[in-house]
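Each chain, written out:
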Amino acid sequence: MEFKVRAYRFNPEIDEKPYYKEYTVEDYPGMTVLNALIKVKSELDGTLSFRRSCRSAICGSCAMKINGISKLACKTQVSPEIEKFGIINVEPLANMPVVRDLIVDQESFFDKIKEIKPYLLGQREDEAHNHFHVLKEGEKISQPVYYRPEFQNLTGNNDTPNCILCECCYSECGGVVGNPRYLGPAALAKLYRYSEDPRDNDKNGSRLVNGSKPDGMWDCVHCQSCEEFCPKGISPVKSIVKLHERTIKNSITFSAGSKHVVSIAKSIGETGRLDEIKVAFDSGGISGLINDLPMAFGAGLKGKIPPLRLKLIKDMDDIRLAYKELDLEEK
Amino acid sequence: MITYAYYPGCVAQESGKELDNATKFIADKLGINLIPMPEASCCGGGVIDGFDKNLKLFINGRTLALAEKDGLDIMTICNTCTLTLSEVNEELINNPESLEKTNEYLAKIGLKYSGKVKVKHILYAVRDDVGFDKLKEKAVKSLKGINIAPFYGCHILRPSSTVKFDDVENPRGFEELIKALGGEPVSYGRRTKCCGFQTILVNEATSTSLAGNAIYEAQEKNADVMVTPCPLCHLSLDTYQTVAAKSINKKLSLPILHLPQLIGVALGGDYSEMGFSRHNVSLRGIMAKVRQNEI
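Chains as they are written, first to last, in the numbering used here: chain B, 17 to 347; chain F, 159 to 453.
Bound-form chain F, shown alone (with noise of 0.2 Å):
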């Protein structure tokens, strides 16, 4: 059994509750140890360092320390928590005039940094660490004859020479997972786009017209679904659906899984155990498909 430090983030604590207790259904069924963090803190969503660099550095290499003490790697569910912790892991392992400041700080709260933590994405979690074959066999349900577009989202994909997960031109993770468990891999090209949830609080225009394009793109490929590994990207996607449809004045009605939740219902999960309540757009019409997939 595979064990990791686990840092869920913001979003799935807390508006995104779905998403955390599909992970934690998916890492028991696939044998993955998730050891809570509830020291760690928020990574900053991306923007931190446009407050102050240092405060990135801190709270960042305070995570960091917090895994490398216990003696693990830290497994991440948000595409931004991913290079945000990437980035600051790569700093404070290249620079060592931030290394030192940082570990300056950790003295005073009783830790250190020495870089010896890895950063993983759970979508490349389960490729390397699972396997598509073995999870291939766990999966109780086929998504045979569901068309699932992934929406890749930008921070798990670049920039490459912090987050090496995938071919940043012509990623091929999510389509090999979604393979794996039976599905149909939408091919689009807004794939890995911007959702623009960055600016959503900020330019709400162009966040949506962002959002609201990939989703219409995939419409219009005939997809059935489309699968986020962000709860950030999910925001726009689904939560923001019908402000994106009015944005680009389309009709918009895809419904928007997170990626555990599209495993979890491969491995068996039902309706509530993927929390598909808590979704705008509804997903009773792919379960509907997936109910008559029993493998």
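Chain B extracted, bound-state conformation (with noise of 0.2 Å):
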């Protein structure tokens, strides 16, 4: 069966603005979109660029948008796509600068990588194994780390460390999209691995109050596209929600984002119901609801306002015992 590939060109070296090209590729059983690129490239325009090595899904080079979406060429079959959509249509990723046809610049994704410091911070006095020394003669290796149950036991990290930075999550992700600067769903992901890691030294919660500041884990907008579109199976959108609470739970609560979530927690335990007015002006404090103002009194001329105190669900008891089984009352 014959199929069309329509590809993304651009090279700004020669070409004032981005087209698209189409090329006819004869498809295979198991034939895979990297597979068709590579056909193209090799058989009808060598000039076609995109960056690819281990074709296993592994290194996480070839991911580019496909019909759309971000996902890997290597991993993606040709003939579901085509019956779904009909083409092969292939751009670069997204929330990244275009270098040349389906290659990004990843800079900006990797700086962010780096600005959680993806490394164990410090060193626990109490770990002997990591005073690295040549083994006496008949000197047993001490257990590695990985073994101990407190390494075992731990939670939500048991797919964060399978990340192959490929970046489709970074290309898919909301918060990018409304703020370049925001460190993306990769980077959280790993800062909360690090920060859930016994093995880290991070002595004043550094890791924690750092990733509270703007741009960071609490301007995740939770359209789950990490989750939907990590190749790997990955949900970096959980492990920013559980780095979320353990911000809170640490009582580092500077941050709008923390108030919002406080503020909301406080309000279901107090009536069982979201206090709009109250949410929102506990997350912006007196300048958000001066900013706000224009906005909130032309809903208010619309009859479009919330009421001011707000009727007790039914059982309300209910919902205060559920506050004080978890001991949540005093937060």
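There are no misleading hints in this set.
Derived coverage of chain B by chain F (criterion: at least 3 residues anywhere in the stretch with Cβ under 8 Å from a Cβ of chain F; other residues may be distant): (1) 289–295; (2) 299–306; (3) 309–318.
Listed next, the in silico DSSO-like pairs over lysine-lysine satisfying Cα-Cα at most 30 Å (straight line): (4) F:Lys299 x B:Lys318; (5) B:Lys229 x B:Lys282; (6) F:Lys379 x B:Lys20; (7) B:Lys330 x F:Lys276; (8) F:Lys404 x B:Lys128.
Take a look, some chain F residues computed to stay more than 10 Å from chain B by CB distance: (9) Lys182; (10) Gly229; (11) Leu257; (12) Tyr282; (13) Asp286; (14) Gly289; (15) Glu295; (16) Ala297; (17) Lys299; (18) Ser300; (19) Gly303; (20) Gly340; (21) Lys379; (22) Asn380; (23) Arg442.
Derived from the structure by calculation, the hints contain no laboratory data. Each residue gets a CB set at the ideal place from its N, CA and C atoms; glycine is no exception.
Got two chains here, separate frames each, mind docking them using the hints?
Rendered as structure tokens:
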């Protein structure tokens, strides 16, 4: 079966603006999009540029937009794409500048990975195994830390280390679309992974404090795209939410984002409902309120204003008991 | 007649009452019996697990148990409520430890959950339980000649391992509904993207640029109106539209409908029954077009 590959083309040294070029390729059973692109490059047009290496969904090099969604070309089969979209439309990943054709400049992505310090901080004094030395005769190798229960019982870290830094999540992230300075899902999932690691010696909680600053963990828009489109089945958004929980439980609540979440929890604990006015005030403070005044005034004129005093839900004591059982009353 | 436990969520009972009213209007016309849940609490607005994961399980496990006690499935009208209740349902069904812990709490308030409840958003309740053919039969006004941009939002599509209503890469439910009502669905890239609501009180610039760009793209594709299945998206797209316009430095003026209002108009609902006076962007132009389209 013949099918069309429609490729985004742009060489900033020659082209004034990007354009698309179509190629006709012959399909074979099990053909991947990367197979198709290699066929185009070797048989039809040697100028088509794209990154690739392992062809086994391990190196993350061939991530690109395929029919509008960020995927690994080597892991994406041609036939289901043709069945759904009738064409293989390939474009560079989003949220990064294009170097040429399907190749993007990854610098901003890796700068953000570096920013969260993706390595163990300091060294714990009780970790004797960290002191490398030549084994004496008869000395046994101490048990690697990975086999210790404290490491195995880590919650949420089953998947984050599987990240191959392919940038699919970063390309799909709504938070980065809205704010290019936002750290993004891959970096924040790594931040959570290190903040939970028992070998990490982050004595003053700097990871959680730095992660709470503007453009950090509270800028996640919860669009779920990072989980949906991760080719390795990782859920960065779930790690980010765990980071939120860890941050609030450590009383690091200077950010508007943490205030917002605490206010929602408080509102439910008091009324069973989300108090829109109170949550807006608690999250943004007086300056936020003043900023939103014209919008709120306009909505008020239309009658679109929440009640000033909320009616409690029926059986509100049930909810109070939930807070009591979880020892959350004081928070 | 199909019966659901009706979970409108907080916004539709507070600033977005027009959505609740339109839902009740169309449910009555389409033969969907909605049983109110006055005991149900807020789901936690999609962020409560950032405060305490178990609190999310307890309060939403309670809502699911209330529906199960009456032998009913839950119908939602908010994307975020849909995802939160679905996530908790999934966790309680698949994780015996979470179910046991939640049931220990529920036992103290005279409830028990065993995982029988299904959570369905109204868009897919209309598709699956009423059917678009029957919807077409019941319509008294046609939406012919109106370009309607569907804005799915995030939480009825993603993550598709939890909310399994539509094809996450190329959803069609909304477009099919619009076609059934005689309207012309507008195809645009941001129809499945984020409205930014979750950070509207945290980082307004990020949030409003997402909403603004979605509106702008739909406008550029000649949309007469945009429709959303989520009251949180509606706040971003309609209530904050003036702020969004400033944020992206573009002129925006696109009326935004709640999904039940779109269906309601086709079923004969008038301007006041649909609560159109409560919208930021005027719907008078759209209503003038619809009035001419008597079936």
